[in-house]
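Given chain A, put chain B in place with the hints provided.
Each chain, letter by letter, is given below.
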Amino acid sequence: MYADGSADPRAAATARTVLDGPEIDRALTRIAHEILERSKGGGDVTLLGIPSRGVPLAERLAERIERVEGRAVPRGSLDITMYRDDLRLAPARALGRTDIPPEGIDGRLVVLVDDVLFSGRTVRAALDALNDIGRPRTVQLAVLVDRGHRELPVRADYVGKNLPTSLRETVTVQLSEPDGHDAVLLGPAKPRPGEEG
Amino acid sequence: MRHLLSTGDLSRDEALLVLDTAAELAQVGDRSVKKLPTLRGRTVVNLFYEDSTRTRTSFELAAKRLSADVVNFSAKGSSVAKGESLKDTALTLQAMGADSVVVRHSASGAAHRLSEWVDGAVLNAGDGTHEHPTQALLDVFTMRERLGRLEGLRVAIVGDVLHSRVARSNVLLLHTLGAEVTLVAPPTLVPVSVHTWPCSVSYDLDAVLPKSDVVMLLRVQAERMHDAFFPTAREYSRRYGLDAERFARMQDDAIVMHPGPMVRGMEISAEVADSARTTVNEQVANGVSVRMAVLYLLLGGS
Chain A
1 MYADGSADPR AAATARTVLD GPEIDRALTR IAHEILERSK GGGDVTLLGI
51 PSRGVPLAER LAERIERVEG RAVPRGSLDI TMYRDDLRLA PARALGRTDI
101 PPEGIDGRLV VLVDDVLFSG RTVRAALDAL NDIGRPRTVQ LAVLVDRGHR
151 ELPVRADYVG KNLPTSLRET VTVQLSEPDG HDAVLLGPAK PRPGEEG
Chain B
1 MRHLLSTGDL SRDEALLVLD TAAELAQVGD RSVKKLPTLR GRTVVNLFYE
51 DSTRTRTSFE LAAKRLSADV VNFSAKGSSV AKGESLKDTA LTLQAMGADS
101 VVVRHSASGA AHRLSEWVDG AVLNAGDGTH EHPTQALLDV FTMRERLGRL
151 EGLRVAIVGD VLHSRVARSN VLLLHTLGAE VTLVAPPTLV PVSVHTWPCS
201 VSYDLDAVLP KSDVVMLLRV QAERMHDAFF PTAREYSRRY GLDAERFARM
251 QDDAIVMHPG PMVRGMEISA EVADSARTTV NEQVANGVSV RMAVLYLLLG
301 GS
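So the sequence lines, in the order shown, correspond to chains A and B. Residue 173 in my numbering sits at position 173 of the first sequence, and the numbers go up by one each step. Residue 1 in my numbering sits at position 1 of the second sequence, and the numbers go up by one each step.
Bound-form chain B, shown alone:
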């Protein structure tokens, strides 16, 4: 494994290696000295064409805990705003000696293109509506921590699947690891190519809910919606939002996940968001461990 572009590239063993490594690295977060010397002298560039404080900070913290030097490069106020192309930016980073580039871009496939231009490892931190592999890895890590297994787990991914890179990455990874995924969304928010994905599709949340071990809610990505995909936020909320009443009909040990940021009152009611069975904050903490594991496995060796 040289880059991490898609969870579809990960074999079952590779994915489990990332999860096991992350489980060991999670201990570092509990120590008084939260640092390992592993990536001393290596440079990790965070190249963010889209704003994302959460993911960028998580990658930054992960790289710093492994003693790497971190350079944050955001498109706003940089030469990108002056019209520099992705390729020229990549070659500049290359010339500066970056060992690894963490890239977030609004175009699907940007990370893949970048990997052809730079020698270092490329980590996809979200490309358009395509993939967000470290998010899927941290989601799966959280499921395994909470429920103790992945094989045979029934996972419902609910909401704006069309614009969600988190959904695609999760479907591929969960399938590799033996879980069953059902996508639940309004028909207008299901991608046309969904029949090629290894999962089933439902339009009825209430039918899927009682059979699910994990309910993963997606953010409705208003900023990517240049059309009307559903009549009103209220109607969306009534049919696909997780409120206290639906929450009560879930299995007793089922968990609720959300990649954040949550839109309270629309996808999820405040009551459910603050429940002990909702793993949003755990997902953030696990994100650092998982990203440390990925950086170690990509950069730690020769």
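Just chain A, same shape as in the assembly:
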């Protein structure tokens, strides 16, 4: 995914599909069950997606947990733009939506949801953002793809697919909500400073 939230059509043209729609579905179903198992029923789980592609992923995970447990799961979005450490490296970017469920996050098990885990800087920023909003009991991280190359000591609790990549490659996640269909593509990099999270 690109920082501006758009899928690059040129990358898509030469890219190889590493996860297709049904595989993404299965990965999300598995993550939903893992969250339920580790949280012993998910009674205090709040799912927070990181814009832009983390938000529909959090929504889908919440729906799956609801289907299994038969009760509502609070979900929202957490924009981390204002907390990024690379703000000064690029022109000011538009903010995403921050939408915290009305019950707040104090004492909850917050699962952060993002599409790609890369340097770990987005997650660091998200932890800072959470700090300003409240005090969760525990924070866990769920990602669709872990592509490696961490620059910070960050680890995901739930991973859809571990995807060993080269730094010369890009991982593009397409989801039906913004893009019309589901796919994870691996393609050649275009030069830009580490912007994925």
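Rather than coming from a laboratory, the hints here were simulated on the basis of the structure. Please note that the accuracy of each hint is not assured.
[To be verified] From the derived model, a few chain B residues whose C-beta atoms are all more than 12 Å from chain A:
hint	residue
1	Ala23
2	Met96
3	His112
4	Arg113
5	Pro187
6	Met225
7	Asp243
8	Ala248
9	Ala276
[To be verified] Cβ pair distances, simulated, as ranges:
hint	chain 1	residue 1	chain 2	residue 2	range
10	B	His226	A	Leu89	50 to 56 Å
11	B	Asp252	A	Glu23	52 to 58 Å
12	B	Ala285	A	Asp85	27 to 33 Å
13	A	Pro101	B	Arg224	46 to 52 Å
14	B	Asp274	A	Asp132	55 to 61 Å
15	B	Asp30	A	Glu34	46 to 52 Å
16	A	Thr29	B	Asp274	56 to 62 Å
17	A	Leu89	B	Ser32	48 to 54 Å
18	A	Leu89	B	Arg146	35 to 41 Å
19	B	Asp69	A	Ala189	36 to 42 Å
20	A	Asp85	B	Asp69	14 to 20 Å
21	B	Arg146	A	Asp132	24 to 30 Å
22	A	Glu23	B	Pro198	35 to 41 Å
23	A	Pro101	B	Pro261	37 to 43 Å
Even glycine gets a Cβ: it sits at the ideal position worked out from N, Cα and C.
Using the frame of chain A, we list chain B on its own:
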């Protein structure tokens, strides 16, 4: 966008970006921790040659909520009183490492001149009778919050247009965003150049009132009036003041705005000023969000 000197410099997309950013930042004011780390290590100087507690405090709060360091520099009791020129003051600020200068000056064009002398971003917080862009942005933000749209909105700006930088900034911005503006004022308080502005002019408040979605009252700026522009305050009030009777003839969902400070009993009756359809206090709260958005967009990136 490097400086914010005039709302006329803003494209439609840029203006909407400021409004959308402000809408997101408004949430920060509702939190227990009202602070973002975005501008950590940046310095914002408030350079105020005219007294303005409201605007200065609003800018100060906005910068502090984004974790910037704020230096307040008021002309009174400073080297300005000893005769230092604007340019020398600017170069001093530059040497002190200011990333941004928020300037209020009694001379039209002062902010523009300043932007030629300093490297940092210059934000015009009111220059003479010229412009006050963040005020217009917060006014438009308030209209969009209250009425849900800007396109096609009919806005009447009433009162001392001649001395008002708020009026000019609003006319330009509202025009960019697709609203129709009518200026309503005594002929003596309409600027000579008004035919070049993208708006219409009327001298009759009662004719414009029932057609307006927004009625924005301006303060009669007695301190800038070195001539007699109208016979008496009473006559002004009778023809251009918003009292309960006129208020009753407005559309049911129309709102009343005022940039403050209000002169109760002259431009606006106390009854109207305290009505739920008057947005004066909302405008102040929105001012902080809008100024945060502008500071973020000017200073947040490279």
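Cross-check of the supplied hints:
Not every beta carbon of chain A lies more than 12 Å from that of alanine 23 of chain B, the smallest distance being close to 9 Å; the non-interface claim is violated. Against chain A, the non-interface label of methionine 96 of chain B holds: every CB pair exceeds 12 Å, the least being about 20 Å. The Cβ of histidine 112 of chain B lies farther than 12 Å from every Cβ of chain A, with a closest approach of about 22 Å, so its non-interface assignment holds. Distance check on arginine 113 of chain B: its Cβ is at least 25 Å (rounded) from any Cβ of chain A, clearing the 12 Å threshold; non-interface status holds.
The non-interface label for proline 187 of chain B is consistent with chain A: the shortest C-beta to C-beta separation is roughly 44 Å, beyond 12 Å. Annotated as non-interface, methionine 225 of chain B keeps its C-beta farther than 12 Å from every C-beta of chain A; the closest such distance is 40 Å. Look at aspartate 243 of chain B: its CB is around 42 Å from the nearest CB on chain A, clear of 12 Å, so calling it non-interface holds up. Taking the minimum C-beta to C-beta distance to chain A, about 38 Å, the non-interface status of alanine 248 of chain B holds against the 12 Å cut.
Distance check for alanine 276 of chain B against chain A: the nearest CB is about 25 Å away, which clears 12 Å, and the non-interface claim stands. Judged by the Cβ atoms, the range 50 to 56 Å given for histidine 226 of chain B and leucine 89 of chain A holds: they are separated by roughly 51 Å. At about 56 Å, the CB distance of aspartate 252 of chain B to glutamate 23 of chain A agrees with the hint of 52 to 58 Å. Distance hint check: the CB atoms of alanine 285 of chain B and aspartate 85 of chain A are about 30 Å apart, consistent with the given range 27 to 33 Å.
At roughly 51 Å, the beta-carbon separation of proline 101 of chain A and arginine 224 of chain B lies within the given 46 to 52 Å, and the hint holds. Here the CB-CB span from aspartate 274 of chain B to aspartate 132 of chain A is close to 35 Å, at odds with the stated 55 to 61 Å. A hinted range of 46 to 52 Å for the beta carbons of aspartate 30 of chain B and glutamate 34 of chain A is inconsistent with their spacing of about 34 Å. Between threonine 29 of chain A and aspartate 274 of chain B the beta carbons are some 57 Å apart, a value that agrees with the proposed interval 56 to 62 Å.
At roughly 31 Å, the beta carbons of leucine 89 of chain A and serine 32 of chain B sit outside the given window of 48 to 54 Å. A hinted range of 35 to 41 Å holds for the C-beta pair leucine 89 of chain A and arginine 146 of chain B, which are about 38 Å apart. For the pair aspartate 69 of chain B and alanine 189 of chain A, the beta carbons lie near 38 Å from each other, so the given range of 36 to 42 Å is met. At about 19 Å, the CB distance of aspartate 85 of chain A to aspartate 69 of chain B agrees with the hint of 14 to 20 Å.
The hint said 24 to 30 Å for the Cβ distance between arginine 146 of chain B and aspartate 132 of chain A, and at roughly 29 Å that hint holds. At roughly 55 Å, the beta carbons of glutamate 23 of chain A and proline 198 of chain B sit outside the given window of 35 to 41 Å. For the pair proline 101 of chain A and proline 261 of chain B, the supplied restraint of 37 to 43 Å holds, since their beta-carbon distance comes to about 40 Å.
Of the hints listed earlier, those the structure fails to meet are numbers 1, 14, 15, 17 and 22, in rising order.
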